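2 protein chains.
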Amino acid sequence: MSTDPTTTIGIGIGIVGLGKIARDEHIPAIAGEAAFQLRALASRSTTLPDVECYETLEAMLAEAADVDAVALCTPPQVRYALAARALTAGKHVLLEKPPGMTLSEVVDLRDMAAGSGCSLFATWHSRFAAGVEPARQWLAERRVRTVRILWKEDVRVWHPGQEWIWEPGGLGVFDPGINALSILTRIMPHAVFLTEAELEVPENRQAPIAANLAFTDRRGADIRAEFDWRQEGPQLWTITVETEEGTLELAEGGSRLAIDGEAVPLSAAGEYPGIYRRFADLVRSGTSDVDVSPQRHVADAFMMGRRIAVAPFTE
Amino acid sequence: MSTDPTTTIGIGIGIVGLGKIARDEHIPAIAGEAAFQLRALASRSTTLPDVECYETLEAMLAEAADVDAVALCTPPQVRYALAARALTAGKHVLLEKPPGMTLSEVVDLRDMAAGSGCSLFATWHSRFAAGVEPARQWLAERRVRTVRILWKEDVRVWHPGQEWIWEPGGLGVFDPGINALSILTRIMPHAVFLTEAELEVPENRQAPIAANLAFTDRRGADIRAEFDWRQEGPQLWTITVETEEGTLELAEGGSRLAIDGEAVPLSAAGEYPGIYRRFADLVRSGTSDVDVSPQRHVADAFMMGRRIAVAPFTE
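Protein sequence lines correspond, in order, to chains V and W. Numbering of the first sequence is given in full-length UniProt numbering, commencing with residue 1 and proceeding in unit increments. Numbering of the second sequence is given in full-length UniProt numbering, commencing with residue 1 and proceeding in unit increments.
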């Protein structure tokens with residue numbers, strides 16, 4: 001661990017990969033969080049003003065002595081190798097979602113971090129939506145009867161031209177669906193597990209365009225999720241939880257919360273400022289936060305789900 | 001925990017499900033292990049002489065006060081509910097492989113056992129093949145360059161008429177392949193993770209009939225596995241590990257071991273006696289052994305593998 005939080009004014013951070021998510025979310029969130037100072041960028045194609053720029057993570061690690069942590073904003077295919085290298089170099093590591101291509105490589109990184117003294121943070125941005133923490137607290141004391149998840153969006157609007165999402169490892173409709181699962185696994189008072197899964201796979205693709213899932217928990221809750229990428233008109237990202245003492249609804253991806261039909265006032269802060277506040281806490285306390293359960297449910301669905309061939313998808 | 005090993009002569013055990021595996025393996029192994037006394041059976045269709053017989057696990061738990069542990073020999077689809085009930089009743093639990101339908105339910109059982117004082121043992125019988133422990137010890141100090149796994153058998157010979165193995169959750173060729181993965185994950189000095197997977201799925205089936213897998217570990221080992229259910233003639237269950245200091249070969253599912261071509265003398269004991277010796281140790285020490293890594297690699301392969309349609313399979 002290269003940070004001594006008692007003597008360092010800010011945690012020096014480097015970004016690896018400068019795509020849309022880094023520009024739109026990570027850079028503004030780092031700028032808004034006093035604990036961090038953006039000191040370096042690794043990108044083969046782009047530079048940033050007022051920041052040391054390197055072509056590769058290796059060059060950054062070799063030359064930027066004031067970088068204590070790295071945020072990996074690259075596609076998941078290369079995340080393991082980069083994270084392993086950064087941890088080995090004694091850096092704290094933040095991973096975009098999903099944290100890896102496989103569960104096993106994420107588990108290996110978690111073990112590597114545990115032995116290193118560095119913090120590893122596998123982020124699930126939807127868990128930082130404003131309604132999620134109040135929902136978790138409200139549910140903690142209640143008995144859940146049913147959960148209904150509707151995660152229905154138009155892939156042509158949200159992923160235009162992204163061929164990789166249809167390839168093996170791209171996860172298809174589970175790419176957005178894993179956000180719903182990251183909320184579900186955070187707010188439920190008991191762990192859930194899949195009991196049935198149907199995956200609708202276009203004849204000309206590898207990955208599902210829709211999925212129908214059933215889960216339960218050790219108390220027998222009836223939990224169903226519908227993921228669909230063919231949604232036209234209103235887009236739906238809602239989770240409705242019926243308990244013995246009332247009904248909770250998270251809407252708009254967790255950014256709105258209502259209890260028994262009454263809107264709950266929420267902070268207007270975005271998801272990524274919450275992520276960086278949490279990352280600062282992890283670095284200061286020398287701990288990691290690596291919860292693979294959202295991705296484990298996806299893997300379970302691929303392993304035990306029934307595949308149904310549906311109409312070919314073309315853009 | 002209902003066993004006090006200092007005052008109990010033997011651990012009273014009940015078997016749930018009396019199929020082929022229970023008759024051929026569990027009952028003889030329990031009879032041969034002094035720590036256990038077979039005291040009860042739960043089966044809807046069969047009874048055993050000299051053993052209390054019940055129709056259900058619930059009846060056994062309610063009436064057989066001298067049962068301290070249960071061995072679940074039922075199909076994986078019902079294992080979670082049975083295991084949860086037995087743990088809640090304060091019984092130690094042994095699970096046949098695979099330990100559940102999903103990774104998540106096994107993780108939930110592991111958490112349940114951790115809070116209960118009971119031992120949970122998710123068994124992988126191939127890990128108790130005679131060559132596996134000597135292989136693990138030999139590899140512990142060596143640097144692995146390559147691993148080649150050939151797990152090729154004739155499904156018509158080994159699984160005649162078993163339609164369920166082709167259904168979702170039946171895992172197809174991973175049903176035997178997971179045995180190879182349970183050995184691999186035991187003998188390798190570092191954790192492995194999948195980097196590529198091809199699944200060959202018959203046009204008329206849900207589950208793969210063959211799989212080609214590539215793994216690596218944090219030191220860059222080159223690990224490949226070929227699983228095939230279309231093997232006629234000689235049946236192959238071999239794992240060859242090339243290190244910087246010699247080559248190790250496990251053959252016949254781990255029951256034969258050679259190092260640099262020289263056969264290593266091994267005990268003739270079977271796999272299940274070793275399983276029950278280990279279970280007795282776990283119960284005595286109040287600990288659990290739940291390693292989901294073999295099944296995690298299967299889930300990873302289903303999640304990130306490329307599916308290739310191959311000729312229909314009919315028996």
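Source of the hints: derived by calculation from the structure; they are not laboratory data. Treat the numbers as computed from the prediction; the structure is a model and nothing was measured. Treat the hints with care, since some could be wrong.
[Claimed, not checked] Below, a list of computed lysine to aspartate or glutamate pairs in the DMTMM-like style, where the Cα atoms sit at most 25 angstroms apart: (1) W:K97 / W:E141; (2) W:K97 / V:E196; (3) W:K97 / V:D217; (4) V:K97 / V:D154; (5) V:K97 / W:D217; (6) W:K97 / W:E271; (7) V:K97 / W:E33; (8) W:K20 / W:E33.
[As the list claims (entries may be wrong)] Residues from chain V that keep clear of chain W, each with C-beta distances beyond 10 angstroms, as calculated: (9) L82; (10) D111; (11) R142; (12) P168; (13) D217; (14) V298.
[What the hints assert, rightly or not] Label pairs and their computed distance ranges (CB to CB): (15) W:A191 / V:A31: 31 to 39 angstroms; (16) V:A263 / W:E163: 16 to 24 angstroms; (17) V:R145 / W:T146: 47 to 55 angstroms.
C-beta: ideal position from N, C-alpha, C; glycine also.
Could you check that no beta carbon of chain W comes within 10 angstroms of the beta carbon of R142 (chain V)? With a cut-off of 10 angstroms, R142 (chain V) remains clear of chain W, as the shortest Cβ separation is near 20 angstroms.
So V298 (chain V) supposedly isn't at the interface. Is its beta-carbon more than 10 angstroms from every beta-carbon in chain W? Answer for V298 (chain V): violated, closest chain W Cβ roughly 6 angstroms.
Does the Cβ distance between A191 (chain W) and A31 (chain V) fall inside 31 to 39 angstroms? holds, 37 angstroms
Distance restraint between K97 (chain W) and E196 (chain V), which requires alpha-carbon spacing of 25 angstroms or less: Holds, because 20 angstroms separates the two Cα atoms, which is no more than 25 angstroms.
Is K97 (chain V) within 25 angstroms of D217 (chain W), Cα to Cα? Since the Cα atoms of K97 (chain V) and D217 (chain W) sit roughly 22 angstroms apart, the hinted pair holds (cutoff 25 angstroms).
Is the claim that L82 (chain V) lies outside the interface with chain W correct, judged by CB distances over 10 angstroms? holds, 13 angstroms
Closest CB of chain W to the CB of D111 (chain V) still more than 10 angstroms away: violated, 7 angstroms
Does the alpha-carbon distance linking K20 (chain W) and E33 (chain W) stay inside the 25 angstroms limit? holds, 20 angstroms
Confirm or reject the statement that D217 (chain V) sits farther than 10 angstroms, beta carbon to beta carbon, from all of chain W. At roughly 8 angstroms from the nearest Cβ of chain W, D217 (chain V) sits no farther out than 10 angstroms, so the non-interface label is violated.
Need the status of pair K97 (chain W), E141 (chain W): alpha-carbon distance at most 25 angstroms? violated, 29 angstroms
Verify the proposed pairing of K97 (chain W) with E271 (chain W), using a straight-line Cα cut of 25 angstroms. Measuring from Cα to Cα gives roughly 13 angstroms; hence the hint holds.
Take the C-alpha atoms of K97 (chain V) and D154 (chain V), compute the straight-line distance between them, and say whether it is at most 25 angstroms. holds, 20 angstroms
Of the numbered hints stated above, those contradicted by the structure are hints 1, 7, 10, 12, 13, 14 and 16, listed in ascending order.
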